[in-house]
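Given chain A, work out where chain B should sit, using these hints.
2 protein chains.
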Amino acid sequence: MERHLIIEAVEPCVDGGRYAAKRIVGEPCRVEADIFRDGHAVLRAVVKWRRKTPRRNPGQESPEFIEAAYAETPLRPLVNDRWRGEFPLCATARYGFTIEAWTDGYASWLFDLQRRVEGGYPDVASEVVEGIALLQEALAVAGDEGALLHRAVEALHAARHDPAAVLALAAEEALGEAMLRLQPRRDAVRYEPELEVIADRPRARFGAWYEMFVRSQGSDPARGATFREAEARLRDIRDMGFDVLYLAPIHPIGRSKRKGPNNTLRSDASHPGSPWAIGSEHGGHTAIEPALGTLEDFDHFVAAARQCGLEVALDFAIQCSPDHPWVTEHPEWFYHRPDGTIKYAENPPKKYEDIYPVNFDTDDRWGLWHALRDVLLFWIERQVRIFRVDNPHTKPLVFWEWLIPEIQADHPDVIFLSEAFTRPKMMKLLAKAGFTQSYTYFTWRNEKWDLTEYLTELTTSGMQEYFRPNFFTNTPDILQAVLQKGGRPAFMMRFVLAATLSPSYGIYSGFELGENTPLREGSEEYLDSEKYQIRVRDWNQPGNIKELMARVNIIRRENPALHDLTNLRFFETDNEQLLFYAKMTADRSNVILVLVNLDPAHPHHGTAMVPLEEIGVPPGARYEVCDLLSGARYEWSERNYVRLDPQVQPAHIFRVERHLP
Amino acid sequence: MERHLIIEAVEPCVDGGRYAAKRIVGEPCRVEADIFRDGHAVLRAVVKWRRKTPRRNPGQESPEFIEAAYAETPLRPLVNDRWRGEFPLCATARYGFTIEAWTDGYASWLFDLQRRVEGGYPDVASEVVEGIALLQEALAVAGDEGALLHRAVEALHAARHDPAAVLALAAEEALGEAMLRLQPRRDAVRYEPELEVIADRPRARFGAWYEMFVRSQGSDPARGATFREAEARLRDIRDMGFDVLYLAPIHPIGRSKRKGPNNTLRSDASHPGSPWAIGSEHGGHTAIEPALGTLEDFDHFVAAARQCGLEVALDFAIQCSPDHPWVTEHPEWFYHRPDGTIKYAENPPKKYEDIYPVNFDTDDRWGLWHALRDVLLFWIERQVRIFRVDNPHTKPLVFWEWLIPEIQADHPDVIFLSEAFTRPKMMKLLAKAGFTQSYTYFTWRNEKWDLTEYLTELTTSGMQEYFRPNFFTNTPDILQAVLQKGGRPAFMMRFVLAATLSPSYGIYSGFELGENTPLREGSEEYLDSEKYQIRVRDWNQPGNIKELMARVNIIRRENPALHDLTNLRFFETDNEQLLFYAKMTADRSNVILVLVNLDPAHPHHGTAMVPLEEIGVPPGARYEVCDLLSGARYEWSERNYVRLDPQVQPAHIFRVERHLP
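Protein chains in written order, with our numbering: chain A, 15 to 675; chain B, 15 to 675.
Isolated chain A, as found in the complex:
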């Protein structure tokens, strides 16, 4: 048979199938495609899907993915030749899927017959002969349905001169179903290439992160805290409602060229150095800085965190202090000057003399790649399943394209967060290459227009298929101007934005206390940054916003609408400082409306416009909203007066409670 069918525009699909789309295990994967052919025949289509199971073969660098037989689920037509279906993602794994479509000969014949009979044709005997031929072909392969088909053949033949009777017999539902199963898919077409979906665990999409330096969790400014001492902080972090506890590097810190406070070049024995200058005589990426304790102390900390409902995430920074064991064991992994010495990291005129970058163009490619993989496997062995990767955009993309599937083949629950603050296309490509989550530009999006524009891109431009944002309010490197100038209201406002705009978000410790002194005017660096010195804080000092944070994290957990990214919709207000958006479950059983005063300095009021149809409220109806932050209840309609005083409460997080009669 001639090839008649066309399958196009299959979704989800990233860059024509070059990269995998990302989904969450346990949720169905919705699939759509354009399917059509010449003429008027009746088409059928299915999504064919299979889990890709990795198998390690001796002597091969990477696992092979065993492609099991396909399972299939039917697609149904929507409008304009668009078809839709779904398949289940039951395991944290990679899945392959494709679309198959074919012409249903019997249904096409029936459709034609129906138009003839309804059009008043007096004679369909010739059509009956054709229909019987289709039934007889199916009879040859029929099992249980044989009797049904046989009866149909007899009856159609007997009724062949009575068009209405023929149609009634031929249109019997059981017959059509049997024929759908039994007919050969003679002109079946399958979409190529097979597309890929990664089913990650739920934490890949939804989670509240807390970043901290273990050494700053103690009470003696002259001495850093150990893991054992830092355990005392866990309950506080749990009470604020966090899910992930991300630790700045915990490995031995180099001595050579160690940085002093505020990134000064001179230091002495009293200065702890930057944790990102990894490696000393005590070991490298698989060792623990002795000042923090031992591997056993680390294990104990991880277990204690888990008891508090906190999952520990580690930093994966591919760089070495001059004292790292690899520098002597594998000098070929580093860059060399013409005189043979190893080059430190430089971005002229900036110098990082306490750090050697790794040379990925080394002749010992596999030696280096395997060593880096083994670092991750070491910590995975110790129950770590989340890695925040430092500056991935300064390493070749091909390395990540190899490393991440290599790890996830055996440990599909491992999450990689890309800490790339760089140009947009590189950030997107790292996500396509496999990073589970990504840092974003959120920190620098402060106005209504740019927050709207950026979130619209993240949620609707196609990025949502592969790029999962993690909105950090601040990092050890980024104290944004709005926090420096806006005081406590700014911290509350930015926190609510991060925690409600994105299902994954994070803070770097000190945020809850409103720490906001920059190194100098115009700098985004912290004064007395923890990167270079030990800090001791009163975690309950006046003015902290821990209560708000705890409340918001409870709201996040209790409201499924806040667990998703792509359900974000911006609504209008008549005030440029009032940002208004909704997050809703597909069935509208959970509708959250968030209103934020973006100006930390002044109260603002205005009208919040709610498109009732979008939130599932009948036209003209009224409904009750509850501010989940204050507990206040209001009767709302299409246009609603709102006022937010940043000193009191810079945001509302409303839930639509019920429709009013």
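Any given hint might turn out to be false.
A pair counts as met if it fits within one copy or between any two copies, since identical chains are not told apart.
Result set (EDC-like, lysine to aspartate or glutamate): computed pairs, CA atoms no more than 16 Å apart in a straight line [as the list claims (entries may be wrong)]:
1) K545 / E529
2) K271 / D282
3) K439 / E46
4) K364 / E132
5) K365 / D137
6) K357 / D137
7) K364 / D126
I should point out that these hints are in silico values taken from the structure, not numbers from a laboratory.
Here is chain B on its own, set in the frame of chain A:
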């Protein structure tokens, strides 16, 4: 070396490279891509392009395309990792292109050196050693540039302790250029797959079409005109300014089940039948209906048309009357009933008993395909280079994907117009599959919002890469309601829209006379349709709009802005009946502003808003526009009062003449 470079989002590219983009010979093909890598190195990129020359090998069904060596042209960076360049399309042919990018070692070294020197580094002697190594590697392959490189090596070595002198020597422009040529592209990456562009002749994009039935061009209603007699009409059509003369089928018309006037089932010898019932004892698709004359008469007509500047286009309708020679010679090419008789065309309850459709699922695939190809080759031999293809959406896509390149391999100037009035995705796919031009939904787009929406889709959604619209105001099958009800103003209004919105447009004869009587109320069929009977008209009858048409066609020829499709921009007015749009050349040397009153029944006035920056006028400046239809001149600014009385002149076609001081 590790693979560092990424090349993504290359344009033009249709469906990831599955289909070719369409361009016009003689114009450069602009190419863009996202190109980037990890780190801070300096990149270079080129577009590599080659003409694909077809070669016929004995025994092969399709021509092979010889892939010559690539030529290359540099790309330059724009913003955000986007690069742009172009390559020439010198022949009417298919071209293949790809992008190659690599790291420029010398330029990267120079960039690093510059930052060091400007950052005040006292010593760059080590960097000089590295630079000299790069120069020496290039020296090994240098020809004429050897002396330049040798001098540079000496000078750099001598100056190695003087950073400023080193930088001055290293930054010499000729040196950078020589190094760009001589250095190996060690880490070069090439985009895959190779992408394809078709360079068509200009008529593929720009042309005014006139459709007619040859037999209706005479003066005796009892007898149809011959080709010789129809030649008398050519001057009239030329004077209206048309470029293409498209003829309804000219082949022998079958006798069996011949249709009578107004599609009635009974006819007698006096009825000429539908020209789409192709084939009789006088021959099939390669013969001429005897009532029209002979093949020699056809050749004479084509030559006479050419002398009037008119190119003849033929109809290619793949269907046969029951009297077509193929019916007896190749019964296997048709559908058969169980009793062995051949099936006529049917779309129950509609019957087309004068037509047999062709069965593309015949076992004799190549016999049928080659016969159809040979029909086209027959007419190509007789100087026909444009085919309007009847109902291509009822034939398998794979047939068109084979046929069109097969013909264009030897005859790249052949143009195929797809007459598919069907669902949007099929219409798009036919264009992707190779059709040069396509009929559109223009006929049914009558309001401001839907004209704007449809034209925006045609010009900006990606369709513009492969789908070239041909806006017909009417066809023998489509007399749209606005023409039936709107009278002469509606004909003028729809004509201006078609001729200025799309570079290709057409009318079916009778339009210029305002013929608008439907078969019955609610039907889009003409009463006494020429499809079934001979019509005789007074081509100069009162009320005709030939003068307007001639004027508009002159305006089209004289203004290059009207030759392009994608340069369309809609501007605002404050009246829902006033459509306002601009067509502009890229350099703004030709700016056309079109204002149309969409309501044929009433005058409308309002304000036309011109975004000055878009049309190249300085902020706040005034400029002179000339209405090319009336010759009137106006001084315009940003907001301009306009009024259009449809009885007088339903549209303005302004040209921006000059900016006023």
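Structure-based check of all given hints:
1. K545 / E529: Intra 15 Å, inter 83 Å, cutoff 16 Å: intra-copy only.
2. K271 / D282: within (10 Å within a copy, 106 Å between copies)
3. K439 / E46: between (26 Å within a copy, 14 Å between copies)
4. K364 / E132: Answer is between: at 12 Å across copies they meet the 16 Å cutoff, but 82 Å inside does not.
5. K365 / D137: Answer is between; shortest inter-copy Cα gap is 14 Å, intra-copy 91 Å.
6. K357 / D137: Answer is between; shortest inter-copy Cα gap is 15 Å, intra-copy 91 Å.
7. K364 / D126: This pair counts as between: shortest inter-copy Cα distance 12 Å, intra-copy 76 Å.
Of the numbered hints stated above, none is contradicted by the structure.
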